[in-house]
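Asker: As you go down the protein sequences, you meet chains A and B in turn. Quick note: the first sequence uses this note's numbering, first residue 1, plus one each step. Quick note: the second sequence uses this note's numbering, first residue 1, plus one each step.
Some clues are possibly wrong.
Here are a few chain B residues that face chain A, going by a calculated C-beta distance under 7 Å [what the hints assert, rightly or not]:
no. : residue
1   : ILE12
2   : PRO13
3   : THR25
4   : SER28
5   : ARG34
6   : ILE36
7   : SER59
8   : THR61
9   : ILE63
10  : SER65
11  : PRO67
12  : GLN92
Bear in mind the hints are in silico, worked out from the structure with no lab data behind them. C-beta: ideal position from N, C-alpha, C; glycine also.
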Amino acid sequence: MRQVAIIGVGMTRFGEHWDKGFRDLVTEAGLNALKDAGLSGNEISAGYVGTMAPGSLIGQEHAGALIADYMGLNPVPITRVEGACASGALALRQGIMAVASGIHDIVVIGGVEKMNDLGTAAVSRILGGAGDQEWELFLGATFPGLYALMAKRHMHEYGTTEEMLASAAVKNHKHGAKNPYAQFQKEITMETVLNSKMVADPLKMFDCSPITDGAAALVLAPVETAESYSKKPIELLATDQATDTLALHDRSSLTGIKAAEIASKAAYKKTGLGPKDIQVAEVHDCFTIAEIMAIEDLGFFKKGEGGKATLEGRTTFGGDVVINTSGGLKAAGHPVGATGVKQAVEITWQLRGEAEGRQVKDVEVGLTHNVGGSGATAVVHLYRRL
Amino acid sequence: MKGSIALHWRRIPERYRLEGTHCETCDSYYFPARRICRKCRRKGRIVPYKFSGKGRIYSLTEIHSAPEGLEDQIPYVLAVVELEEGARCTAQIVDVRKKDIKIGDGVEMVFRVVQREDPEGLISYGFKFRKLH
Ligand SMILES: [Zn+2]
Numbered sequence: 001m002r003q004v005a006i007i008g009v010g011m012t013r014f015g016e017h018w019d020k021g022f023r024d025l026v027t028e029a030g031l032n033a034l035k036d037a038g039l040s041g042n043e044i045s046a047g048y049v050g051t052m053a054p055g056s057l058i059g060q061e062h063a064g065a066l067i068a069d070y071m072g073l074n075p076v077p078i079t080r081v082e083g084a085c086a087s088g089a090l091a092l093r094q095g096i097m098a099v100a101s102g103i104h105d106i107v108v109i110g111g112v113e114k115m116n117d118l119g120t121a122a123v124s125r126i127l128g129g130a131g132d133q134e135w136e137l138f139l140g141a142t143f144p145g146l147y148a149l150m151a152k153r154h155m156h157e158y159g160t161t162e163e164m165l166a167s168a169a170v171k172n173h174k175h176g177a178k179n180p181y182a183q184f185q186k187e188i189t190m191e192t193v194l195n196s197k198m199v200a201d202p203l204k205m206f207d208c209s210p211i212t213d214g215a216a217a218l219v220l221a222p223v224e225t226a227e228s229y230s231k232k233p234i235e236l237l238a239t240d241q242a243t244d245t246l247a248l249h250d251r252s253s254l255t256g257i258k259a260a261e262i263a264s265k266a267a268y269k270k271t272g273l274g275p276k277d278i279q280v281a282e283v284h285d286c287f288t289i290a291e292i293m294a295i296e297d298l299g300f301f302k303k304g305e306g307g308k309a310t311l312e313g314r315t316t317f318g319g320d321v322v323i324n325t326s327g328g329l330k331a332a333g334h335p336v337g338a339t340g341v342k343q344a345v346e347i348t349w350q351l352r353g354e355a356e357g358r359q360v361k362d363v364e365v366g367l368t369h370n371v372g373g374s375g376a377t378a379v380v381h382l383y384r385r386l
Numbered sequence: 001m002k003g004s005i006a007l008h009w010r011r012i013p014e015r016y017r018l019e020g021t022h023c024e025t026c027d028s029y030y031f032p033a034r035r036i037c038r039k040c041r042r043k044g045r046i047v048p049y050k051f052s053g054k055g056r057i058y059s060l061t062e063i064h065s066a067p068e069g070l071e072d073q074i075p076y077v078l079a080v081v082e083l084e085e086g087a088r089c090t091a092q093i094v095d096v097r098k099k100d101i102k103i104g105d106g107v108e109m110v111f112r113v114v115q116r117e118d119p120e121g122l123i124s125y126g127f128k129f130r131k132l133h
């Protein structure tokens, strides 16, 4: 098996792009990534694109063919990959496997979602498809509702407070304020979060990630040729994916996402690395409780201590590990299929030392954690400078 | 979720009567019904099982921002209910506000309207739970 590296990255700004459609967003991100890698496009032998629901959001299926066409890449094979909110990281994983196996050499990875062409109620219903439609959503669950059920149980078992949850949003907005690609480049206070409108108790509007349009892309190559394309290639040390029950109620515990714990343990085992070796991580904070659980599941903090650690500032600059320098899903935005790819783009910038105002010092190893639904899919990647 | 009458119809045993399954090999209970035991896989002996409808609140929230079809019900309490046989399900808790119910409280199944598509559309029925006093 060959080792695989990232040789170029690019993205659109995340936000409400009234003037840009699905194909505009994905081609903009794709061109940025090709330019960064110094490629013309002729070198590309395959592509994978993560997108959750273009069929429902814009009535467009067959996203792989559309993107190959508008990227001017025909007849290169491009395949759509779907795993709800983890679609982006799954696309990256498919690309890594294609390059590692030797089937393809230069592979482009995209993640995209165009969400603002529909109203909030319709988008919420479509995102509900990431859960169990018949046994959760039909019976009255919503996505904030499912994460609220996890939050309530976390509070019950570990004494996690609403202030601890809110501190994740405050921290991510502080990071997002330094990210020119973020949807919200604005700091907020604890009071803003705590006084925002209740969505699903205890989660309020500012505990939730927004509805976002955007795309991200990157280019993969085998490590042995990576340096001929990029001055600073980033090696992918591990790609691990795990699944759990589709419905939240069928899980043995509601206070963590077991699939994420399993995927991260597999990645650590394979590389001989552990949470202490990681300086920067992008985690899937679709809701504030999701970030608290993520930093516990990934082993950065003991089970039950994630909320306290966040409130104490241990997950920002100067802390034990810097979580979500991009602003996370909360402040950078969450164009569902794009998120997993954006996380890899952000970690690449961090490892290359190109993250400007949000650069973490002395970064050696980075991690991304992308979750689908309420935790039925989880994908963890580890990265290091070559 | 709109649309198919057949979809609602084929779930009637589970939604109206809490009929699930039981694995006789490992004594696991499944709701909704599963044909493959998660523990025993192909070694499981799966038989139909009607749940008693009694259980406890495992976790709960109050929904203030409703999905399409449930707008007229907000705010409502939504819970993960642990049935006394051990299986868990997601359901609404009726006739109660958040402040009057907590994790661990006993509940029993009731039969209610779950969703109305629109004033003239399909009305879907199914289980909800209420607090036991
Ligand atoms: Zn069994």
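Asker: Now tell me if each hint is right for this structure.
Answerer: Hints and how they fare:
Interface restraint check: ILE12/B against chain A, minimum CB-CB distance 12 Å, threshold 7 Å, status violated. Using the Cβ-Cβ criterion of 7 Å, the hint placing PRO13/B at the interface with chain A is not satisfied: the shortest such distance is roughly 13 Å. Violation of the interface hint for THR25/B is found here, the shortest Cβ-Cβ separation to chain A being roughly 18 Å, above the 7 Å cut-off. Taken as an interface hint, SER28/B does not check out: its beta carbon lies about 11 Å from the nearest beta carbon of chain A, beyond 7 Å.
The interface hint given for ARG34/B is violated, since its Cβ lies 9 Å from the closest Cβ of chain A, which is over the 7 Å cut-off. Below 7 Å, beta-carbon pairs count as interface contacts, and ILE36/B has none with chain A, the closest being about 13 Å; its hint is therefore violated. The interface hint given for SER59/B is met, as the beta carbon of that residue sits about 4 Å from the closest beta carbon of chain A, less than 7 Å. Satisfaction of the interface hint for THR61/B is found here, the shortest Cβ-Cβ separation to chain A being roughly 4 Å, below the 7 Å cut-off.
The criterion of a C-beta within 7 Å of any C-beta in chain A is met by ILE63/B, whose closest approach is roughly 5 Å, and the hint holds. Hint status for SER65/B: holds, given a least beta-carbon distance of 5 Å to chain A, under 7 Å. The interface hint given for PRO67/B holds, since its Cβ lies 5 Å from the closest Cβ of chain A, which is under the 7 Å cut-off. Using the Cβ-Cβ criterion of 7 Å, the hint placing GLN92/B at the interface with chain A is satisfied: the shortest such distance is roughly 5 Å.
Violated hints, listed in ascending order, are 1, 2, 3, 4, 5, 6; each of the other numbered hints is respected by the structure.
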